[in-house]
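J.: Protein chains in written order, with this note's numbering: chain L, 32 to 349; chain S, 7 to 600; chain R, 19 to 334.
Hints listed in this document are in silico derivations from the structure and should not be mistaken for laboratory results.
Quick reminder that beta carbons are idealized off the backbone N, C-alpha and C, glycines included.
Incorrect hints may have been included.
Said to hold, decoys possible - Chain R side only, calculated, beta carbon under 10 Å to chain L, not exhaustive:
(1) Arg102
(2) Val233
(3) Thr234
(4) Ala236
(5) Arg237
(6) Gly240
(7) Pro242
(8) Asp243
(9) Ala257
(10) Pro258
What the hints assert, rightly or not - No farther apart than 30 Å at their CA atoms in a straight line, the calculated lysine-lysine pairs in the BS3-like style are these:
(11) S/Lys163 <-> S/Lys116
(12) S/Lys410 <-> S/Lys308
(13) S/Lys131 <-> S/Lys116
(14) S/Lys498 <-> S/Lys468
(15) R/Lys80 <-> S/Lys362
(16) S/Lys468 <-> R/Lys80
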Amino acid sequence: MTLLELDGLSVAYPAGQRWARAVRGVSLSVAAGEVVGLAGESGCGKTSVAMSVLRLLPRTAKVTGRIRFGGTDLTGATWGELRAVRWAQAAVVFQGAQHALNPMHRIGTQIAEPALRHGLVTRSAAAAHAADLLQRVGLAPELARDHPHQLSGGQRQRALLATALSCSPRLLIADEPTSALDSVSQAAILGLLRELAAERGIGVLLVSHDLGALAAVCDRIAVMYAGRIVEQGSAEAVLGDPAHPYTEALTGAATVIGDPATRYAPRSLGGAPPDPLSTAPGCAFAPRCPHAGPDCGGEIPLRPAGPGRLVECVRVAS
Amino acid sequence: MRQVRRAICSLLVLGLSAATPLLAPLTAHAETGGSTLTVGISADAEDLNPFKANTVVASQILRLTYDYLTDYEPADNSTLRTLATNWTSSPDKLTWTFTLRHGVTWSDGKPLTAKDIAFTYRALKSAPADVTNRTLVKTFVSVDAPADGTLVIRTSKPTATMLAIDAPILPEHVWAGRTDMYTAQPAVPSVSSGPYVLTERKEGEFYRLRANPHYWGPAPKVTEILLRRFKSVDTAVAAMKRGEVDAIGNLNSVQFDALKDDPSIARVRASGLRFHELLLNPGARLANAAPEGNGNPALRDKRVRVAIDYAIDRQKLIDGVLGGYGEPGAGYLPAKLTPWSWQPAPADLRGYDPAKARQILDSLGYRTGPGNVRIMPGSRKPMTLRLAYTADHPVFPRYATYIKQWLGDIGLPVQLVPASGSQLGALQYRGEYDLLLSGWGVDPDPDYLLSIQICSALPLTKGGPTSSDAFHCDPRYDALYNQQATELDPAKRADLVHQAISRLYGDAIPLVLTNPATLEVYRKDKFTGFVSRPGPGGSVLGYWSYPHVRPVAAVTQAESSHTPLYASGAAALVALAVAGGLFYRRRSTRHLRE
Amino acid sequence: MRAARVAGTLLARLTGVLFLGFALFHLLPGDPVSALTRGRPVTTEDLATIRAGFGLDLPLWKQFTSYVTALAHGDLGTSLAAHRPVADMLAERIGPTLLLTVSATVLSVTVGIATGVAAGWRPRGIGDRVGTGAAIVLWSAPTFWLGMLLMAILGVAAGLFPIAGMRSTESGGGGVLDVAHHLVLPCITLAAVQYAQYHLLIRSAVAAERHAVYVTLARAKGLPDALVRWRHAVPNAMAPTLSLVLTNLGFVVSGAVTVEAVFSWPGLGDLTFEALRGPDPPVLHGTFLLLCGSVVTADAIADVVLRRFDRRGGTT
Ligand SMILES: Nc1ncnc2c1ncn2[C@@H]1O[C@H](COP(=O)(O)OP(=O)(O)OP(=O)(O)O)[C@@H](O)[C@H]1O
Ligand code: SF4
Ligand SMILES: [Mg+2]
């Protein structure tokens, strides 16, 4: 069953008189029990996609396209409908755990808060609920009484995950949930996500720049470049046999799992991603592409390349 | 989290409770038995110690609560028989025998006898230097009470001020033997013998005096006097319109004029027992004749000082600065101060005559250089005169502007030196000025104001303390002063005082500019019977008046807070226009430095 | 450790205040004794004796040491005008001033939080325009002007509130309600003047918190707007406000001078004002020490309280 369906999603941010087009027509779906990875260089628009689902982008952002969740269209939802979906149905593990927790509140309070507000637990049961969730993400229940500044970066990231699980959502959007973790903890969290998908049928959209991490847990992977999904397909296919020149470069670059440096620029790639303000036609990757040719300046078709596989490159034969 | 919520909640609750007064029913102004005369005052009494007290308010309170050996008749300044009903002095003028009133008691019921008076004067005599009232008894050799009704004072030399011993008489049984006698405050309620007793004292707020049931004189008509403190006349006036205050003194001309059309308010323009003066530095020096200060040498010449006097248009000062409320000054003491005042004959009066001023300067050789600026003979430097004044009181800066203009017109450019009150004091005592604006309030007895012009008031050391007003020193004036101080015959004494003042006028060192009127208002719809001093046209707000004030018969308590909106609006505008013109304070009771 | 540092800073600052106080009022031009005895019948010799009595003829350093010794014994000297211990006079006046300043602070903070949060949550909205506009107008209006206006409208024209003093002068005045009634106008005036600071500060703090990640998280959690605002955004915005409130408490006391003058409120401001006119250096010095001391102390308290309050202080 398809949980989340993005269709032609675009996000633009105001930049002076112009618009920074962070996401440019993304179509993607996540089914129940499925883990979908969203990969790509820093700034390619992953978080913009993730945050647009629950309409958490700043008011100034212009969102177009279609966001369907469990059959309802969230783009036209009222605030009340949206509030009902938020957390109870779909939850987000925010990127940047350092700032995502409220410094004034105790960890336990923050974890239990959504369940409490959505009427899923009583006030008296809230503490036990928080302790339970903390244990689930591998933290000591005693941490519930601490304030965020008393936790390490990794502990905070786990606490955020616990918060996201507070209402047992059907969809979990995890934006770089392991970026602050050592490889052992990282494996544990990824295992937990896998487990949630397999045992509870939760759909997971896992955002990461770390292809190695995605490879370990994802059923499918979508690769983003400059606001577009340039390639998507099954994890083995995309990573094992990259079709798009950018994916190729990325996989080559991602040999050092968990190395934060790779986040910023795949090593085998020269140059930088295009300015999101740019409105130049043709393939956005062309300036960095070793295979670029004159035909890359026109309309690039999205072509199926095998079962469930879509690639956006003129060089790819359908 | 919970703490924060609690904090916010308690903030809200506190906020609400702070706002409750808004919702609380207004407390009605309950009328208690008897009548209360509420007088707005501008400053605190500060110190009510009967030996030391020296503010206007303190002196009013002491005068209302204690008796003095004698007082002054409001009508003509003659001696009023209060505790003393009769007196004789010995042929050698050194022994005074007072016969005392019978049946005077303290407010605690004990009799007041000659022993109390003797006790008070002896205590004063042995008081430390900072009890300035002790100069009142400086010539006393002994004070005895041979009988309850008889007081005998022996003096070292004839003393003219024996009927002006302005010290309150204290109950010996309360004050004797106290180690803190010279600092202690009177108990509340006070044990005193005057028409009122101090029953409540709230420094910064009010002083409550209630009629003394044991008072020997006629019982006061208002049973309570409330001296209520306001920090600005404007607030006091607003309170008067609300019916919270019945009388206010010391208004400025704008405030006074603004009340012109209020039918419930009587306005009193009291010819003032005060004067504003321009001091000319005559070449300041110490008692040992060593020079002091840095006055302009040109002013050492009396003729230059006289020329300056001719350049001053006093009527213009009265109209332009005092709003028309004042009299031009000439002789040292105000004309109202009979019998002591002396004024020059019309022929000798130095009226406004700038041509004459120029002519005098010309004849002295003060050439006019470039820009109409005179040059002192034997010098090359163009003249300038520094004019020091305090900006604390709004009238002085305006006097200064006029004087600068007039002296500039006769070729003597003036440099204005505004100063704070204490800075001005320092300039004055060190002789570091050419011209200086100052002012005094006047006591019924002239002795003190005459004494600040004698040579022995000059400072002993450089920068040392001095009680000299303007470094005036004239041996012949001193002789006249000393003579009057020992002259017991009032008529002869007055003649000596006149001679002294006429010499002072000739010296042209203090130039009396104006005798500003005292502007007072009271609720005539509520109270009547005010007594003015000195004589008709004098001030009605003072201790001499309050015991005679009575409520207007059958006052219908028409609440005055029904003042129409537009009137209050006008009042507010006026208030805004003059806001900041706060009451200036009268520092001293007996004499006022303004 | 931190307590020791705060205490050390406090002590150093208080010492500074001490020196400054001495310097300000003992080196000021003008001779208080002459000013004090002007117009009173004193002889030149008497004046010299009085000066000596006050120790004003001693060398400066001796005056300073005796001043510090006296201070150590809680002796603030004796007023030249009232001839009473300065400490007694301060004690008499501090109550009314605290009543006025604390109530005005509570009022202005409460109103400032309410309007500031509303304005900051929706910047440039209608609430922001009205609230912030009003705050700026009140902020720029001279205090005495505002006081006179309130007095004219609410006191004289409408006759709702007393315009002077802190209690009725009828015997039996001074009850809680009576004092509260007298407090209304001065409290509103003082609050109106300070209110703008709190409004503007909370407004900008809330406007900044609005974009904090945890506020977005709170919204993502499906919390209603009011909860997002009051549970998440506002408490975090309160830290700078609390610090302003605390550090301001000291200043508010001196800021009350004008309000006390307009409404004849018998507080420290009035005492200072009168002492200035004297001049009465011991009293001035006492109020100076008290006012500066309270600013410095309030600052130290703010330091301690804020560290406890601001959870972010722990890391980085
Ligand atoms: N609130 C915003 N206002 C303006 N521009 C924004 C905003 N948020 C993101 N952008 C821009 O949109 C583009 C995509 O940002 P986004 O955060 O979605 O990238 P990302 O793929 O998540 O990057 P990273 O891996 O660094 O998290 C970037 O160029 C960024 O500068
Ligand atoms: S379309 Fe052209 S430029 Fe773009 S990836 Fe393919 S080959 Fe490279
Ligand atoms: Mg991101």
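J.: Regarding the hint that R/Ala236 lies at the interface with chain L, is the smallest CB-CB distance below 10 Å?
T.: holds (7 Å)
J.: Less than 10 Å between beta-carbons is the criterion; does R/Pro258 satisfy it with respect to chain L?
T.: violated (13 Å)
J.: With a cut-off of 30 Å on the C-alpha distance, tell me whether S/Lys498 and S/Lys468 pass.
T.: violated (38 Å)
J.: Taking the least C-beta to C-beta distance, is R/Asp243 closer than 10 Å to chain L?
T.: Holds. Min distance 8 Å.
J.: Is the Cα-Cα distance between R/Lys80 and S/Lys362 30 Å or less?
T.: violated (56 Å)
J.: Please verify that hint: R/Pro242, Cβ, nearest Cβ of chain L, below 10 Å or not.
T.: Given a least distance of 7 Å, the restraint on R/Pro242 holds.
J.: Close enough to count: is the Cβ of R/Ala257 nearer than 10 Å to one in chain L?
T.: It holds, given that the least Cβ distance between R/Ala257 and chain L is near 9 Å, below 10 Å.
J.: Regarding the hint that R/Thr234 lies at the interface with chain L, is the smallest CB-CB distance below 10 Å?
T.: Hint on R/Thr234: holds, closest Cβ of chain L at ~5 Å, below 10 Å.
J.: Does the CB of R/Gly240 sit less than 10 Å away from some CB of chain L?
T.: Holds: closest Cβ of chain L sits about 4 Å from R/Gly240, inside 10 Å.
J.: Given a cut of 10 Å on the nearest C-beta pair, is the interface hint for R/Val233 held or broken against chain L?
T.: holds (8 Å)
J.: What's the verdict on S/Lys131 and S/Lys116, does the C-alpha distance respect the 30 Å limit or exceed it?
T.: The given pair, whose Cα atoms are some 25 Å apart, holds under the 30 Å limit.
J.: For the hint on R/Arg237, just tell me whether its beta-carbon gets within less than 10 Å of chain L.
T.: holds (7 Å)
Violated hints, listed in ascending order, are 1, 10, 11, 14, 15; each of the other numbered hints is respected by the structure.
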